[in-house]
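K.L.:
Each chain is listed here by its residues.
Protein chains: 2
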Amino acid sequence: MLNNEMIKILKIKYPIIQAPMAGGITTSELVSAVSNSGGLGMIGAGYMTPLQMRDQIRKVKTLTSNHFGINLFVPNKFAIRQDTIQSANQLLNPFREQLNLPPKDSIDIPDFHHVYETFIEQIKVAMEENVPVCSFTFGIPPAKVVSELKTANTILIGTATTVREAVENEKAGMDMVIIQGSEAGGHRGNFIDDKNRSLVGSMSLIPQAADNVRIPVIAAGGIMDGRGLLASICLGAKGIQMGTAFLTCIESGAQPIHKDIITNSTEEDTVLTRSFSGKWARGIKNTFITCMKNKEWNLPDFPIQNTLTQDIRKNAVSKNNKEFMSLWCGQSPRLAKQQSTKILIQSIMAEAEKIKSTM
Amino acid sequence: MLNNEMIKILKIKYPIIQAPMAGGITTSELVSAVSNSGGLGMIGAGYMTPLQMRDQIRKVKTLTSNHFGINLFVPNKFAIRQDTIQSANQLLNPFREQLNLPPKDSIDIPDFHHVYETFIEQIKVAMEENVPVCSFTFGIPPAKVVSELKTANTILIGTATTVREAVENEKAGMDMVIIQGSEAGGHRGNFIDDKNRSLVGSMSLIPQAADNVRIPVIAAGGIMDGRGLLASICLGAKGIQMGTAFLTCIESGAQPIHKDIITNSTEEDTVLTRSFSGKWARGIKNTFITCMKNKEWNLPDFPIQNTLTQDIRKNAVSKNNKEFMSLWCGQSPRLAKQQSTKILIQSIMAEAEKIKSTM
Chain L
-16 MLNNEMIKIL
-6 KIKYPIIQAP
4 MAGGITTSEL
14 VSAVSNSGGL
24 GMIGAGYMTP
34 LQMRDQIRKV
44 KTLTSNHFGI
54 NLFVPNKFAI
64 RQDTIQSANQ
74 LLNPFREQLN
84 LPPKDSIDIP
94 DFHHVYETFI
104 EQIKVAMEEN
114 VPVCSFTFGI
124 PPAKVVSELK
134 TANTILIGTA
144 TTVREAVENE
154 KAGMDMVIIQ
164 GSEAGGHRGN
174 FIDDKNRSLV
184 GSMSLIPQAA
194 DNVRIPVIAA
204 GGIMDGRGLL
214 ASICLGAKGI
224 QMGTAFLTCI
234 ESGAQPIHKD
244 IITNSTEEDT
254 VLTRSFSGKW
264 ARGIKNTFIT
274 CMKNKEWNLP
284 DFPIQNTLTQ
294 DIRKNAVSKN
304 NKEFMSLWCG
314 QSPRLAKQQS
324 TKILIQSIMA
334 EAEKIKSTM
Chain R
-16 MLNNEMIKIL
-6 KIKYPIIQAP
4 MAGGITTSEL
14 VSAVSNSGGL
24 GMIGAGYMTP
34 LQMRDQIRKV
44 KTLTSNHFGI
54 NLFVPNKFAI
64 RQDTIQSANQ
74 LLNPFREQLN
84 LPPKDSIDIP
94 DFHHVYETFI
104 EQIKVAMEEN
114 VPVCSFTFGI
124 PPAKVVSELK
134 TANTILIGTA
144 TTVREAVENE
154 KAGMDMVIIQ
164 GSEAGGHRGN
174 FIDDKNRSLV
184 GSMSLIPQAA
194 DNVRIPVIAA
204 GGIMDGRGLL
214 ASICLGAKGI
224 QMGTAFLTCI
234 ESGAQPIHKD
244 IITNSTEEDT
254 VLTRSFSGKW
264 ARGIKNTFIT
274 CMKNKEWNLP
284 DFPIQNTLTQ
294 DIRKNAVSKN
304 NKEFMSLWCG
314 QSPRLAKQQS
324 TKILIQSIMA
334 EAEKIKSTM
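Order-wise, the sequence lines are chains L and R.
The numbers in the numbering used here rise by one with no breaks, and the one at position 283 of the first sequence is 266.
The numbers in the numbering used here rise by one with no breaks, and the one at position 208 of the second sequence is 191.
This is chain L alone, in the form it adopts within the complex (with noise of 0.2 Å):
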């Protein structure tokens, strides 16, 4: 069950892709050893110009000769209003005279169509490479992108948070689909749900996918070790994305302080927030994350509130300040360890492979 269609056709040797975490956690260092240790390293893309995903990709094929991916978002439409840009800026500017940073009032923001003209971009990148596998957040891309993909013969992997997210992604022609248990760290990927349909639990999700579509299934969400792999395998799953699990290891570009805080964690600590982003995403629990708690549903959409808040995480990260940097994390903190990515693989394929012998 460990040898099944997933693996045959990402041409990998074990089930196992690393999350695209964006923002400069998946290094070229991390993919790559993922990718070298027999699993499927993903470039997180998401907030990469088409420059920087070039750049990249480049560099990872540099450092493997094995498939990898890159994660794409796909725009959402959103509209900028100045008034509700104001209104987050005055919510935002306490923390900012808090980290001696100057107040801001409006700020410019690009609109839905240039987000979007990047995503192409980024897709023709994509391609120009020839990078094997490609994934998807936050929805499903045009059918016209679907198809040129299909005939660069890119391998697609879509996101679903609900059953019926699953479903629309298979009609799209994905290949496979990400099933994003509520456990999972970072944003959330629902894209037709609202964030409360969408917080199924892995237990619940993956077996009630599994019987509704016929492309493999990947699970994903708080799986750490042998164990998570082997109960996704046996809940119908044929293979498991992790992110808090390579966000610790070594090669992974997660600031150290994030990783300490991590392993120092428990299941209790993390909270669904979208006051960094405007987009939900669960995180370690710190004094953003709290002060903004009963505001966050006034907050403007993604990507504009994430644009607020970065002068906020940039200054946060520089000062190694947790209390205002997104602490992404899963609801299995306990289960994390800072490791290579070698030995994080390799003990997971063993410890299945012990559980397997015992049953």
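Read the hints as simulated data drawn from the structure, not as lab findings.
Hints may be right or wrong, so weigh each one.
Identical copies go unnamed one by one, so any copy, or any two together, can satisfy a pair.
Stated by the list, open to error - Below, a list of computed lysine-lysine pairs in the DSSO-like style, where the Cα atoms sit at most 30 Å apart:
| # | residue 1 | residue 2 |
| --- | --- | --- |
| 1 | Lys(-6) | Lys133 |
| 2 | Lys325 | Lys339 |
| 3 | Lys(-9) | Lys339 |
| 4 | Lys268 | Lys278 |
| 5 | Lys154 | Lys268 |
| 6 | Lys133 | Lys44 |
| 7 | Lys337 | Lys(-6) |
| 8 | Lys278 | Lys(-6) |
| 9 | Lys87 | Lys297 |
| 10 | Lys325 | Lys(-4) |
Given the coordinates of chain L, work out where chain R should sit on it, guided by the hints.
P.N.:
Frame of chain L, contents of chain R only:
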């Protein structure tokens, strides 16, 4: 792995416990059918008088010679404040009007002392009747109660929604502990941690709990079939407890409309509410939950709110009106079937064996 210390301690054939759903669902027919089919049937005695409890225990004994158990609610301190009751009644009176029920202003509610006395009476009955297994929700009984039950050789099972709660159960002398994931239907069993901290998905919660206690861990929440059983075992559990899967069985005392709604629902249809009882619980969204949504933080605690809504729920049942019933359900309704208990248990074990053989 399916033949482990959990089934040895409980003297059952299969590692399956029927969740002790209170409020008439766990009929003697259901409890005995589970025990006669190789699982552990449980009487949900939380809302029963000691007399009702004794009657049902005796009835179950006539229907099975196998082990079975009862579940009790550990009383949590609550204060009766007439102003809170009055304002809660003001919220409920429009529903009463809609259902042609008389409005209410105040209500006679037993105080904490009385509730606690009833709990002690329930414990006495369990011991006098030599009930083999006793499980607890909403907390851990006082040390004196635990030691009396242990002297009587009662097997004790606690409930936990976080690792900390699991550890407390072990320290208090529980023989095993139910680990309730966020997928679970019905009442949240949290007693240390608030609802938000305790909403941890099973994929994360089971392995983290199993790593931190030595007593057997029993997975609960969203488990419906052989896939869920085997996944739970892979994650470190020794067995499973299922609620929704048994609720829709033929022998269950749940309202036929409740069963029908579950078997026609999806993973998107459940929500958490404290509007029915004052404690957070997961059920199918309906008019009552939706209307009370923005007011639920200010309601009286359990069991006060539960007593207040009793006339509404009873009337809704008598009229087969699904909009005002508490339709408890976990996050896997797509996997629910209306079938006999025996078929359910047999198909779970057959499916688990089949999956094992292909691993």
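K.L.:
Take the hints in turn and mark each one as holding or not.
P.N.:
Going through the hints against the structure:
1. Within a single copy, Lys(-6) and Lys133 get their C-alpha atoms as close as 17 Å, which meets the 30 Å cut-off; across copies the closest is 56 Å, which misses it.
2. Taking the shortest Cα distances, Lys325 and Lys339 sit within 30 Å of each other both inside one copy (21 Å) and across copies (28 Å).
3. Taking the shortest alpha-carbon separations for Lys(-9) and Lys339, both the intra-copy value of 21 Å and the inter-copy value of 22 Å come in at or below 30 Å.
4. For a Cα distance limit of 30 Å, the shortest separation of Lys268 from Lys278 qualifies both inside one copy, at 15 Å, and across copies, at 25 Å.
5. Taking CA atoms no more than 30 Å apart as the test, Lys154 paired with Lys268 passes between copies only; the shortest distance there is 28 Å, against 37 Å inside one copy.
6. Only within a single protomer do Lys133 and Lys44 lie at most 30 Å apart by alpha-carbon distance; the minimum there is 21 Å, versus 64 Å between protomers.
7. In this homomeric assembly, Lys337 and Lys(-6) come within 30 Å of each other (Cα to Cα) both inside a single copy, at 24 Å, and across copies, at 27 Å.
8. Within a single copy, Lys278 and Lys(-6) get their C-alpha atoms no closer than 46 Å, and across copies no closer than 53 Å, so neither meets the 30 Å cut-off.
9. For a Cα distance limit of 30 Å, the shortest separation of Lys87 from Lys297 inside one copy, 15 Å, qualifies, whereas the shortest one across copies, 57 Å, does not.
10. In this assembly of identical chains, the alpha carbons of Lys325 and Lys(-4) lie at most 30 Å apart only when taken from the same copy (13 Å versus 41 Å across copies).
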